[in-house]
Amino acid sequence: MSGVTTFDVRAWMVWGTSAFLIALLARNPFVLVELGIVALTVRFACVPPERLAGIGWILRVAPLMLAIGVVFNVLTVRSGDRVLATLPDSWPVIGGDLTWNAFAYGVVSALALFVLLLVGTTLGALMRWIDLTRILPQRVAPLAVAGSVAWVFLPELSRSFTDIRETMALRGIPLRGPRSFLPLVVPLLAQGLERAMTTAEVLEARGFGGRPVRAGSRRAGGMADLALIAGLVALAAGSYDLVSGGRIAWPILFAGGAAALGTGLLRRPVADAPRTRYRLARWRWMDTATCAGSVAVAAIFLWRWIAQPAGLGFDPYPHLEWPPVDLPMMLVMPLLALPAAIVAFGPGDDR
Amino acid sequence: MRGILPALVTCALVFALVGDVPPRISAAAPATPDVAGLVVSYGDGAFSYATVPLDGERLDGLALLKASGLSVLAIDFGGYGQGVCKIEVVGCDVSACRMRLCQTASADSPFWRFLVAGDGHWALSPLGASGVTAKAGQVYGWAWAGGTGAPDDLPLPTLDEVMTRSGFERDATSLRPALANQGRIPGSLDEHPAWDRYGAAGCILVAMGAGGLILVRRASSRRGEAPS
Amino acid sequence: MIATDRMPALAIDAVTYAYPGVDEPVLRAVSLDLDPASFTLVVGASGSGKSTLLRLANGLVPHFTGGRFAGAVRVGELDTRLSGPRELAAAVGFVFQDPEAQMLTDRVDDEIAFGLEQAGIPRGTMRKRVEEALDLLGIGHLRERSPATLSGGERQRVAIASAMAMHPRILVLDEPTSQLDPWAAEDVLTVVRRLNDDLGTTVLMAEHRLERTLHHADRIVELAAPGTVTQGGVGEVLPRLADGALPPVAQLGRQAGWSPLPLTVKEARRAIDATYPIGVRRVDRLSDGGHSTDPDGATYPAGSRSSPVTIALEGVTVRRGERDVLRDVSLEIHAGELVALMGRNGSGKTSLLRAIAGLDEPRRGTVAIASQGAMRSPRHLPGAIGYVPQQSGALFWHETVREDIKFAIDAARQRKTATSSVEEVLAQLGIAGLADRHPRDLSVGERVRAAIAVVLAGSPSILLLDEPTRGMDWRAKDALLALLAGLRDSGMPIAIATHDVELMARFADTVVLLGDREMVAVGPPRDVLTGSLTFSTQMNTLLGGSVLTVDDASRVLGLGG
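Protein chains in written order, with this note's numbering: chain A, 269 to 619; chain B, 858 to 1085; chain C, 281 to 841.
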């Protein structure tokens, strides 16, 4: 019995898909808050302390997100029964009613974004980069290099930001107003890029991507390319459908598109490079449980989304009221916190 | 900050120019009161009729709608003026409205369109509701429908008929807007969720929070005990 | 095909190389052959092309860097023009300078296995090689640890293990000890030497710290500024090197006329015993000109203890996150005093500098800086404190060094404290040639000088430097310290966190020794840097007493120095 439990990275990917789905689509404050609690629980229970980077920056960014969401909504939507203030109509652009309805909607929009960030950073902390590269096929190694460079780049950004801020303070260069942030952008990006470039160089020097070996027939290559193209087209169509407000077509198109894309990438016979694994990925009952729980939550969510979308949203127009309560969704959501329960009460990894 | 001022000036100029449609003085009926009529079709045979006194003010089509007493959800589309997402409860929510004014991929998906009553037929206003100044004696229409043009089931009443159907008091000393509905407006509000549902939701959240804390503490302490 | 012993491990054939976008080639018609099982040291000034030369071996130049390449590089059978880094990774192991940036995974054994996985080594073989690499480097006890929790020296060992697991023919190391404290550096170099001795691995290493590495090497390759090389056995090249390039024992040997020049303390001792069979009179206290003596016998350079206190720390304790990074430190720095902060990595040097700069608020105690007659918290004195951090990237915001210096001068003008012009600052630091280069294109040593220039351009009243001599060759170090000594003489208090014992023995007025985040000793170099097992200079280890520098040793031995 040990106190540490590790999950397979693929289980986390399923978990992440489910959580992201809800974070992206739901607007109901109850559902969002619940998802936020789940994300925090999983984060603090399942991520080992050395990988637990601070989430302080999300908390610092939150007021800004709130302000932007509220101001944007209050200024662009002038409807609602609870009027906050009325500016003269003759004022161009901002004249008209400013309503509490819009304010509430802005708050909920900011909440949705906040929870999305929580889910995203939790997922990032849960997955080990090395495990991700191990499940990616060798053919997409350049993609993995780009991905790992990005993986390094983003945390570097926040470190660089602190360094630069300190330097400015020391040199007596005041940070007044948005103008003075402009000089920060270039060095910030440059610092992060520098570090990312070092990582890329190290990856190359360690032989990342392996040695290409030629194998496979032409025909198989042609079929694979067709599958690739079909997959891309399906994804494009799905995106269009999503943007134009469709409800059912886009998930099917995305799923089909992703499958086709995957097939196309995996079946390409050209430039295959053999690669082995030091540590075999073990799929255990806890990974199955995590997947099952996540899939169940996602399924219930999609059912509610299609059957009664109003329950998962928040519509303060034209009357500002309390948001609806979707009890089935709220009752099933704790399944997403299953990994945390397994870590807390399960048998642990064998040592 | 420098860019905003010219933008504001331009906007002001555009509004001034576009809004400047001189009212047509009707020579025919001296008794025509200074009102405009409004017909709203929700589809499924539900309508609203409204009579709105103008009081010499210049109201655009959207302001006219709002002045009628109907609940309206409209979104600012910047240079394109405002678009109506919802009248009463018929329409769509803010995000769908922002994307494509409630429309979806199918050609028949409905949206709110603004119409002006002409000789025996409805006409679409090319400038939209924000670009038209309401004229006394004119009847305007709003229809929730798909396709283009006016829906077939939209009645074309005269101003008198509108005033009657909306229950307008012609002889009152101060003219007030009048509004009446015909037929049941689809998608009316669900009954307010009972308070026990909110209680349940609250309990669930509190339980999740407490449960989460317990799980996190137990996981940390287990990790602390684990042989390294 | 088995490479015969006649075939060089690495053959560089008339290589001329220029980086993309740069007209001047950094290497010109360089030819070099490495014999199998040799240990070759690459020396040269910063920016002379050492890193470029090393990267020829595994194909990073030109495959990763681009640019214009002429000539050929062969590693055994492989030609680097045809085979890129991926193919060469199994034949050439590469260890970079920065211990932190090299770690790709979060477990040591995954890290070592990484290259093996990429090469498709069968699992059974892979597991065996990982175990071997762990044993070879003596890091078996670290196998489950995350590299992020390891010290710099341990990380470099993991990096070497990762390279060795591939069973490379050549091990290339690019200044592997520059970020490490002296003990970790010694560890790493011993390990590399052992790999060369016991396994016959060909080693190609670039290093500045010659006093530590010369005695390990067989051959030296010296890169001169126009991109050319001179090479030969250590014995051949050594006499041709300038004084400053030699370790102190060799400098002493040159003055004493010993041949061959000693490279270690042991060799020097033998030479002394041979030259002075009766023994050397130990001089316990050397008098230095112009020093005043304290009642308790310690001597201080004139003008430092008696000048006003400009930086005062009183019982300062600083906390970061869960732990204290500095405990109960009290220190006074006077005007015109150059203070060296020394100690192992993690002992609190950087924390102390940051506390003085006001970047970290002390949990207990006070920090005060003298300003216009009063002692004030550093947080209230923006622009008065010049701080050159270890990672100097945050100081450069513009496209050229010149613009960054100008920006700093302009900011100082707004505070009405500007005292120099761009050209003056460039000349002061000797970087006029770098003025129009992009800061991020500079080599490590060049960048440090540019960073100091930018900080000085702001006309600060105190100067704090964190490991400024990393990556600098001896000439640049001497020039830097001469510059700092000049500033010190004009009254500026200077604090330097550094590992460079030899340099501080020559230039520092006061040495502060930190251990486990507390102040362990403070005093002039002659008190603190003598009689210590780990913090002494070579000369002190050789002759003991108060001997610190080669000049001291010369005097003791009665040489004409």
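Note that these hints are calculated values from the structure, not bench results. Watch out, some of these pointers could steer you wrong.
[To be verified] If you want the ones that stay clear, here's a sample from chain A, every Cβ over 10 Å from chain B, calculated: (1) Arg278; (2) Met333; (3) Arg402; (4) Phe429; (5) Gly440; (6) Ala608.
[As the list claims (entries may be wrong)] Taking beta-carbon pairs under 8 Å as the criterion, some of the chain A residues facing chain C (in silico): (7) Ala437; (8) Arg474; (9) Arg545; (10) Ala549.
As the structure is a prediction and not an experimental result, all values here were calculated from the model. Quick reminder that beta carbons are idealized off the backbone N, C-alpha and C, glycines included.
Taking the hints in turn, this is what the structure says about them:
no.	hint	result
1	Arg278	22 Å, holds
2	Met333	17 Å, holds
3	Arg402	24 Å, holds
4	Phe429	25 Å, holds
5	Gly440	25 Å, holds
6	Ala608	4 Å, violated
7	Ala437	7 Å, holds
8	Arg474	5 Å, holds
9	Arg545	6 Å, holds
10	Ala549	13 Å, violated
Of the numbered hints given earlier, the model fails hints 6 and 10; all others are met.
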